[in-house]
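Colleague: Throw the hints in and build the complete structure from the sequences for me.
Single-letter residue listing:
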Amino acid sequence: MNEALSLRRIFEGKWTQGAIPLVLLVALLLIIEIAAPGFLTGETVALLFANTAVLFILATGVTFAILLGGIDLSIQAVASLASVILAQLLPSLGLAAFPVAILSGLAFGTLSGIVHVKLRVPSFVATLATGGVVTGIALWVSDGRAITIEEGGRENTAWINATVAGLPVVVLISAVIGIASFLALRYTRFGRQAIAVGAGEPAAWAAGINVDRTKIIAFAASGMLAAIAGVVLAARLSSGSPVLANQLLLPAIAAVIVGGTAITGGLGGVARTAVGALIISIVRIGMTFVGVNIFLENMVFGAVLIAAVAITIDRSKIAVIK
Amino acid sequence: MTIHTEPLKSVSDIERTTLMTFLPGRIAAVFGGRRWRSLAPLAVLVVLCLLIAIANPNFIELRNLVRLANSAAVPLTLAMGLTFIILMGSIDLSVEGTLSVSAMVVVLLAANDSNGNDYGWWAVLAAIVAGTAMGFVSGLVQTMLRIPSFMATLGMWFIGLGLSVYMLGGSAIRLNDASIRDLALTRFLGLPLAVWVATGAFLLAAVIQYHTKLGRHILAIGGDEDVAKLSGVNVVRVRVTAFALAGFFFGIAGVLAAAQLGQSHAVIGDGRLFAAVTAVVVGGTALTGGEGGVVNTLIGVLIVTVLANGMILLGISPYIQQTVQGLMIIAAVALSLDRVRLRIVK
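Order-wise, the sequence lines are chains A and B.
Throughout the first sequence, residue numbering follows this note's numbering, covering 1 to 322 in sequence.
Throughout the second sequence, residue numbering follows this note's numbering, covering 323 to 668 in sequence.
In case anyone wonders, no lab produced these hints; they're calculated from the structure.
Any given hint could be a false lead.
Have a look at the derived ranges for each label pair, beta carbon to beta carbon [claimed, not checked]:
| # | chain 1 | residue 1 | chain 2 | residue 2 | range |
| --- | --- | --- | --- | --- | --- |
| 1 | B | Val589 | A | Leu40 | 33 to 39 Å |
| 2 | A | Val23 | B | Gly492 | 32 to 38 Å |
| 3 | A | Glu150 | B | Pro640 | 24 to 30 Å |
| 4 | B | Gly438 | A | Asn161 | 50 to 56 Å |
| 5 | A | Arg213 | B | Leu361 | 33 to 39 Å |
| 6 | A | Ile294 | B | Ser436 | 17 to 23 Å |
| 7 | A | Ala107 | B | Asp504 | 47 to 53 Å |
| 8 | A | Gln247 | B | Asn437 | 26 to 32 Å |
| 9 | A | Ala180 | B | Leu467 | 30 to 36 Å |
| 10 | B | Gly492 | A | Ser238 | 25 to 31 Å |
| 11 | A | Ala180 | B | Gly492 | 38 to 44 Å |
| 12 | B | Asp504 | A | Ile294 | 31 to 37 Å |
| 13 | A | Ile294 | B | Leu552 | 46 to 52 Å |
| 14 | B | Thr534 | A | Leu40 | 52 to 58 Å |
As the structure is a computational prediction, the values presented were derived from the model and not from experiment.
Built from N, CA and C at the ideal position, the CB exists for glycine as well.
Modeller: Next comes the structure, spelled out in structure tokens:
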């Protein structure tokens, strides 16, 4: 009786709740290794990390928006626009095309934030709309076509596809971004205020937090990280296109939630998102490895997604599950 | 600012009174405040129609109006189902998955160019049942596993899409059953049957919302779930029923889409989710739940359809049509949302 009680207490403890996604990640790795031995080699793991990088950067950005209790549905559009801008400008500007592309993300992220906060449009609709605006611009700029990064431009993107000390540069980039975002959320005033706003907006306002500014900064960060993801994706694929990142929006949001960040806001962080992105990525790659019928992949993915959320979500902090 | 003139306003109202939020509010106030603000979507629709008709008189030709009604049929049916979910404060992302499952079922069971089945209208019934079942499962997953509807229905989206792509073998399969194709081809009083089916769906949804206990309970849950529960509403049952009801409408929409296209393929649902959400929200139903309804959604669907039709008539480059649509959504929502009653905008 007593033992059962203490066991229950352990499972209700705060640290176990945070550890569940990590346990799931390890379990998935073991399942795949058992089903298809040879998965856990240095080479495949490096490939896994490299393939997760873009998803992780996108998911990190949207983590900011979700922590506030909002959502950013424009990240795939912003990432695609950044890829188009990069591919268009590389021949003429060289390396300077990178900051231009990334700043476009910052600008549209800020715009989303301003529309959301100042016009008081819910972030779901505001970012859905700005996503449409950005996609339109990307289509217009690229004339509706995919732009290949030619030989001359590829000299300037080669560094992204290189490896340093055995690690792909994309992994290093996402590690830097992950650590910076982690520190920003945990040790800066903005980070603390963002979590406070997500946990209870009226209380945060009453405590003197500038809620509007915090929200705009979060959406600006989300836009900028989306643009970085778009640039990395363009460099990896040697191409920019107005629909380049369209398939990444929902996996990115799923990564955030599977990692254990509450969709209602106020609970979670970048470390959880890293675990979530790896889970999503492993499920995707693992299915190919184990040999799931390609037409069935989406079905398995959906079922695993529901199961993963059901296991990892922290219900103690959500009053009403909507 | 206005803070001094209205000292009794609650804290959260004052908190938000910045200049930018002030302007749309003022514009609405000029036209008579809250009562009139609920008419803002209708005003947007009327103004939009007038502007397009002035720029291109072809807009009000009968032929174009029929085309307009026809292209509104599937989005209207979808949005009817989605409205109930959004009224509860939830979201259903499985729209495209459920629609593609229903379209797949009707095409594979009726006469087609892939197998020997020819069950006629039983196929339609089976498709609608399949849609309802998908919604029912979404509801069960959400309430029994206690995960947010956003994630539950996101999973169902992938499951539905995967199922239909698997069953179709990744190819497009033609629908050869003439009587089902007639939904799109035969006209009654000048309008294709699909439009009448969509109208029927709207009337059914209106009856459910305004004249049944289920409709009231859905609104109550959206207004405040805790209060609804304390008042004796069986929240779990209402939620599951609402998701099944949404699946029922998505199922009908899937049949209509298959009939209109004459086939089913992997991407039959592409883009329909965000179009449906846009229509619901532009019509004035709040994503937070408890406000709005199917009549709002009818207007929202018409706004979105008229805008798309108008941009084609006006010869606006297809590339920037999305941009214009995005700006219109922001404008419509900024004008019509009754922010005074929304405590927090998330």
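Colleague: It remains to establish, for every hint, whether it holds in the given structure.
Modeller: Okay, the hints, checked on the actual structure:
Range check, Val589(B) to Leu40(A): about 36 Å between beta-carbon atoms, so the 33 to 39 Å window is met. With their beta carbons about 36 Å apart, Val23(A) and Gly492(B) fall inside the hinted range of 32 to 38 Å. Separation of Glu150(A) from Pro640(B) is about 27 Å and conforms to the stated range, judged on CB atoms against 24 to 30 Å. Hint check: Gly438(B) to Asn161(A), Cβ distance near 52 Å, so the stated range 50 to 56 Å holds.
The hint said 33 to 39 Å for the Cβ distance between Arg213(A) and Leu361(B), and at roughly 34 Å that hint holds. Between Ile294(A) and Ser436(B) the beta carbon distance is about 19 Å. The supplied range of 17 to 23 Å therefore holds. At about 51 Å, the beta-carbon gap between Ala107(A) and Asp504(B) stays in the expected band of 47 to 53 Å. The hint said 26 to 32 Å for the Cβ distance between Gln247(A) and Asn437(B), and at roughly 30 Å that hint holds.
Separated by about 35 Å at the C-beta atoms, Ala180(A) and Leu467(B) satisfy the suggested range of 30 to 36 Å. Taken as a hint, the range 25 to 31 Å holds for the pair Gly492(B) and Ser238(A), whose Cβ atoms sit roughly 27 Å apart. Between Ala180(A) and Gly492(B), the C-beta spacing of about 42 Å keeps the proposed range 38 to 44 Å intact. Look at Asp504(B) against Ile294(A): about 36 Å separates their beta carbons, and that is inside 31 to 37 Å.
For the pair Ile294(A) and Leu552(B), the beta carbons lie near 50 Å from each other, so the given range of 46 to 52 Å is met. Thr534(B) and Leu40(A) have their C-beta atoms about 56 Å apart, which keeps the hinted 52 to 58 Å range intact.
The structure is consistent with each of the numbered hints, conforming to all of them.
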